[in-house]
Structures are given as structure tokens and as C-alpha cells.
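Residue numbers (the numbering used here), protein chains in the order written: chain A, 245 to 356; chain B, 366 to 479.
Cut-off 30 Å, straight-line C-alpha distance, at most; resulting in silico cross-link-like pairs (DSSO-like, lysine-lysine):
no., chain 1, residue 1, chain 2, residue 2
1, A, K312, B, K409
2, B, K409, A, K302
3, B, K417, A, K293
4, A, K302, B, K406
5, A, K312, B, K405
6, A, K312, B, K406
7, A, K293, B, K374
8, A, K313, B, K409
9, B, K436, A, K293
If you are wondering where the hints come from, they were derived from the structure by calculation, not from laboratory data.
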Amino acid sequence: AQSVTQLGSHVSVSEGALVLLRCNYSSSVPPYLFWYVQYPNQGLQLLLKYTSAATLVKGINGFEAEFKKSETSFHLTKPSAHMSDAAEYFCAVSGGAQKLVFGQGTRLTINP
Amino acid sequence: DTAVSQTPKYLVTQMGNDKSIKCEQNLGHDTMYWYKQDSKKFLKIMFSYNNKELIINETVPNRFSPKSPDKAHLNLHINSLELGDSAVYFCASSPRGGGTYEQYFGPGTRLTVT
Numbered sequence: 245a246q247s248v249t250q251l252g253s254h255v256s257v258s259e260g261a262l263v264l265l266r267c268n269y270s271s272s273v274p275p276y277l278f279w280y281v282q283y284p285n286q287g288l289q290l291l292l293k294y295t296s297a298a299t300l301v302k303g304i305n306g307f308e309a310e311f312k313k314s315e316t317s318f319h320l321t322k323p324s325a326h327m328s329d330a331a332e333y334f335c336a337v338s339g340g341a342q343k344l345v346f347g348q349g350t351r352l353t354i355n356p
Numbered sequence: 366d367t368a369v370s371q372t373p374k375y376l377v378t379q380m381g382n383d384k385s386i387k388c389e390q391n392l393g394h395d396t397m398y399w400y401k402q403d404s405k406k407f408l409k410i411m412f413s414y415n416n417k418e419l420i421i422n423e424t425v426p427n428r429f430s431p432k433s434p435d436k437a438h439l440n441l442h443i444n445s446l447e448l449g450d451s452a453v454y455f456c457a458s459s460p461r462g463g464g465t466y467e468q469y470f471g472p473g474t475r476l477t478v479t
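So here's chain A without its partners, still in its complex pose (with noise of 0.2 Å):
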């Protein structure tokens, strides 16, 4: 079984600093491992994917994550946070099965 855990449900940044956030994951198998990121009164839409090839994945909006074995973690980050980076952020793992399961979401706050 999969399951995702996201550190933080509210993450507050200033525009211009460094966006982190954090997701740790379960997985009994070889893990595929996305994140995306829901607009207020919108569908989500996805920012990067791991499929087992490069560790480091480079996504839309300049994000990027890291695929941490060792640690079962796949942490997003953004150098420089821009205002239109406030949003919902979830992390969602599949192993294989028919389904993606999400972690239970971000808010990621940009202060001017």
C-alpha cells in the first residue's frame, strides 16, 4: 500500500525567498511520485512527475524536486517565490496500483 505524508499544511514564504515543501512517502514497491498544485476555485494541475529516471526533477513555474531513496522523501522547492505561487500544493505517490494517493495538501501563503 501506498501512503503520502505532507510536513506542514500551511507554508508562509516572502516573495523572492526560497519556497520549500516537504513530502515523505510509502511505498511498498518502486514509487512514482508527483506533485500538483490547485489554484483557488480550480482542478489541480501537475507540476512534475518522478518515474524512476533522473533523481532530480525539474517541473513547471521553475519548481523542482528531489527523489530521496534513503530518506523516502520528495521534497519541492522554488529558489525565488513569485506572488502567483500561493496556492495548494499536494504531493501523490503511485506504486504500480490503479491509483494515485495524495498527501492531504500544502498552502503555500506569499507575503509582498
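Chain A is fixed; fit chain B onto it per the hints.
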């Protein structure tokens, strides 16, 4: 063109009523999903169809019945609505099932049961 569309966007109804939500994707994908997002933003899969065949049926009350007339459409019918059904329902699609493919989400349907 909208890739995954849902209607209606908002649905307000009373307890005990029956309602349907429609979903259409124009991406040519084989697999479609229904998710429920509760008030705390927790997102949980309800159903998955692959080429009109039910693949995933999570622990969902049997008041919820999905129907897939063709692989581009997946509708959700809910009987005898309850207060606890209030949530945002998302439809999604992916090229195939298996959990390894990106899922494309619709804009959601906010259901409010009074």
C-alpha cells in the same frame, strides 16, 4: 479547448434529492476518474473507469453510481443526497490507468447539500 470539462460547476440541492454531474474529456484518454475533495482539501479517489469498464471502486456508498456511456464521458449520479455529500467533486482523465501517467483534472463541481 477545454481538456476535461464538468457540468455543473455549482450544485445546490436539498437532502434526499437525486443529482447528476457530467464529465467529458477531449484528450482521447482511455481512463477516467472521480475524486471527492472535502472541506479540508483532502482528495480521495472514488471511481476509475478504463475504456468504459469499472476498474476502481473505493469504499463509496452505493448511493453513488458512475456511468460511462463511452470512453470520453464519465457521469456521476448520486441518490438520496445527505449533508455529508457536500464537497467538491473532480473528474480526471489519463492516457491509461496504472497510476504512472499524469492525470488531467476538470475544474470541479461544488456540491452543497442543505
